[in-house]
Amino acid sequence: MAKTSSLKSTAVVVSALAFGWLAIEFAFKPLLEKARAALNKSDPSRDPDDAADQSSQPEKSPFEFDPSEESR
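Residues in the sequence shown are numbered consecutively from 45, following the numbering used here.
No lab work stands behind these hints: they were computed from the structure. Because the structure is a prediction, the values reported are computed rather than measured. Warning: the hint list may mix true and false statements.
[Said to hold, decoys possible] Quick list of simulated restraints, FRET-style, between CB atoms:
#, residue 1, residue 2, range
1, S53, E77, 28 to 36 Å
2, D94, K52, 48 to 56 Å
3, S50, F72, 32 to 40 Å
4, D91, A46, 30 to 38 Å
5, L51, S89, 41 to 49 Å
6, P74, S53, 34 to 42 Å
7, A71, K47, 31 to 39 Å
The beta-carbon is built from N, C-alpha and C at its ideal position, and this holds for glycine as well.
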């Protein structure tokens with residue numbers, strides 16, 4: 045009997061922690077997104093000159109053929 049109640053207590057605590065984490069994430073979503081963006085910008089291994097290159101598509105070899113581009 046004691047083992048069952050301890051398992052129930054553990055499940056309740058884990059569920060409450062998960063619910064609390066989600067509540068905080070939803071409540072502070074705009075603030076957290078700004079903070080995460082600032083952290084990404086302050087990454088010392090990130091090169092700001094490569095930011096435009098990373099958002100664009102990777103270069104293709106002139107020998108690669110994409111059939112979907114043929115219809116354009």
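Here is what the structure says about each hint:
no.	hint	in the structure
1	S53 to E77: 28 to 36 Å	holds (35 Å)
2	D94 to K52: 48 to 56 Å	holds (52 Å)
3	S50 to F72: 32 to 40 Å	holds (33 Å)
4	D91 to A46: 30 to 38 Å	violated (58 Å)
5	L51 to S89: 41 to 49 Å	holds (44 Å)
6	P74 to S53: 34 to 42 Å	holds (35 Å)
7	A71 to K47: 31 to 39 Å	holds (36 Å)
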